[in-house]
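The lines below spell out each chain.
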Amino acid sequence: MADKPITNRFGDIEGNSLFRLFRLYVLFKCLPIVNIGAGPTLLFLVKAMVFHYISRPVYRIAIRFESPVARFFEWRAARRRTRTGQDVS
Amino acid sequence: MKANTFFTAESLCHTVERRLDEWDVLTLDVFDTVLIRRVHDPEVIKRPVAAYVSQMAAMRGRAWPLEKVLEFRRRVEAVHRRRAGRAGPDFEARYPDFMRDVLRRILDQEDVEGELRRVTEYELELEAAMAVPRAAFVRLLKTARARGKRILFLTDIYLPSDYVRRILEAAGLMSLAEAVVSSADHLRAKASGAMWQDVRARFALEPARWCHIGDNPISDGARPAELGITAFVLRDGNEKWRKALPRLYWHISELAHFWKGRLVQQLMLPLEDENVPRDDLYRAGYTFFGPMLCAYVHWLAEQVRERKIGRVYFFSREGLLLHEIWKLITPLLYPDGDLPPAHYLYVSRLALAGPSCAYRGLQEDSAMITFLPPQNRDFRDVCRVFNLTLEPLLPYLRRYRLEPDTPLSHWHHARRKDQQRFRQLLKDVEFQEEVKRQTRAANEALQRYLQSEQFFEQEDVAVVDIGWLATIQRFLFQAVDHRADRPRFHGFLFASAGGYPYPFHPDNSVQGFIYDHQRFDFTGSCILFEQDVFEETLRAPHAGLMAYELDGDGFRLRFREEDEFSLHEKRQSEHYASLQQGVRDAAARYAAAAAVAGLDLRQFRLWTNYLLLSRIAFPTTREVLTLRHIHHLDDFSARRAPMRKVSKKLWQRSAWELRFIPFLRTFNLLKHAIIMLRR
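Residue numbers (our numbering), protein chains in the order written: chain A, 1 to 89; chain B, 1001 to 1679.
Simulated from the structure, these hints should not be mistaken for laboratory data.
Worth double-checking, as some hints may not be accurate.
Unchecked claim - To be clear about the criterion: a stretch of chain A counts as covered by chain B if any three or more of its residues have a C-beta under 8 Å from a C-beta of chain B, and this derived list gives those stretches:
| id | region |
| --- | --- |
| 1 | 9-21 |
| 2 | 46-57 |
| 3 | 69-78 |
As the list claims (entries may be wrong) - If the Cβ cut is set under 8 Å, some of the chain B residues that face chain A in the computed set are:
| id | residue |
| --- | --- |
| 4 | F1007 |
| 5 | Y1346 |
| 6 | K1671 |
| 7 | A1673 |
Said to hold, decoys possible - Some chain B residues flagged as far from chain A (calculated, every beta-carbon gap over 10 Å):
| id | residue |
| --- | --- |
| 8 | R1019 |
| 9 | E1067 |
| 10 | R1242 |
| 11 | H1257 |
| 12 | Q1572 |
From the three backbone atoms N, C-alpha and C, an ideal C-beta is built for every residue, glycine too.
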């Protein structure tokens, strides 16, 4: 059997991945006899899976436009502040 | 000159390495360049430090909750930064200066040097535990060093260079560098450009032959480039993504406690060069057994503090690894050091069974334990377990029309009449006197051994074992119960399985962590699917204890001699060595992760329950085949097959059954649920 690192290339735990958690989550929904509190909840589970398995290329591309994007958000925030000020006045 | 921007550490290091001959000196930013942190935000490291300060204040009767300490620290640091900004070019602060002010106010005392030292030590330990050197930079630094380049670390941080040096030393990088310069040393930072002038003068550097690498486009890019230094800026999307993962878990764990455990595991994960390929057993140790056992020892430490117990004894042989975990995790989890000393105690069921009869004789509840394993059958097994010599006991046995080979166990179709005769035998005063006579010497040797371990010097002791029926604790308590100075026993088991009545006593309590049969916990009870794998995981690689013997004025511990079965055991230990290493490595990272995450064990319980279900109740076939022990030696059991059929457990199924029987695991879980409900 081939050796593997603890984390896979998606930053997930090898052998205890979110897919395994998802399978058991579905099973425990059908078989509610186990105690894992409220469980992972579907929304957070999907969110975690998206972050692990899909978002990496997005980060790699987004980093190249970090400065203009940051400037845009700063500009937008400043504009909102100005507008709010105008509304108040 | 313009800074060169790269988007991966590998491409940057490759370019610098290719152009290395152009420079004589290499300066590097420290955090987020050479070192990365396991956490998404360095601010979160301040939380456990604030908790420690809050605890210090509470001990002095001052109410400073964690959030208030954090906020106060932020305010004091900001005041120091503003003050530095008025006097010099940068708004910098020095950790020892502002932390001293923080402690003076919170603790309400002038001299806080001792407290400051302890708090600083703790913060640096956490920083070092969270810092990981980047593999690409380590390789670059080694190449640069080999080619005779001067290497300096420059950082804008509130920690003075001595402190940063310690973090770099822990990461194994200081041997490659000449010096560390921090903005906190003279309150002159890279951001304003003041530090560059200082470094240039102090180390007599020529900008044209100088290369700097960092992650900030201004401090590490524009400022050195203005001086004519070749600057490289790393803007790493992969690293941003990597940090987004703990950030995500941090936020969702606030809303759904189930994720707290995943957050801790995420912070424990190996990064960069730590994350090398490992075998299945190591990975199981790191990702499953490690967190489970660390949580158990963490719980144990909390219980011991709460009950103010004087000493902790880890029972052999499973206790050796637990003791190691204790030593690894408690310093970071409890920086105040308010924990009792912990010892490893050589005990075993076989060695203690005899001494437990020295004063109270062979009681029925103890004798019947012999027949719990299906392999044990008759009075010979009773003699073997309690270390009794058969011949002097034969007349008493025959007095009740019993023979040494008469089956007494229901696993071997014992006759009810014979079982009743055996109970009558146990009430025979002369028989009991003979039992006491035979076991007295072993009891005396045991007491001498316990004295050498300061066992009788405490009012309360914690006794720690993996489980399952607390037989060792039962025998140990019975062996010393006659002494007026015997301590109160607080038993802490990994799992308390029940199934056989325990003689609870105000001075002899037992509690289970992952499962306690005294309270209904179906999920925790899934550990009963496979207990041997936990035993083998924790088993120390030394021979089992067979007896306590007198040796002049002292005592001697007699261990199992080498035979065919001990060789099997040795093979099993070698097989699981990798798994145990995984557990140790996980423990080394658990404490910092749990401290930073502010772990509450009640929340972590949800995660350990999930781990238990996924790995023990719903294991993959490959996991069962890998983890299933090759040999499991149980000295308590005889080596004979029971006459009654023993039902096959999930983990004893063949690969074929595990792979192809549909819904086998679900069916097994439901069957277990029915058994538990019937209890």
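So, going through the hints one by one against the coordinates:
no.	hint	result
1	9-21	holds (count 7)
2	46-57	holds (count 6)
3	69-78	violated (count 0)
4	F1007	6 Å, holds
5	Y1346	34 Å, violated
6	K1671	12 Å, violated
7	A1673	6 Å, holds
8	R1019	23 Å, holds
9	E1067	25 Å, holds
10	R1242	6 Å, violated
11	H1257	6 Å, violated
12	Q1572	19 Å, holds
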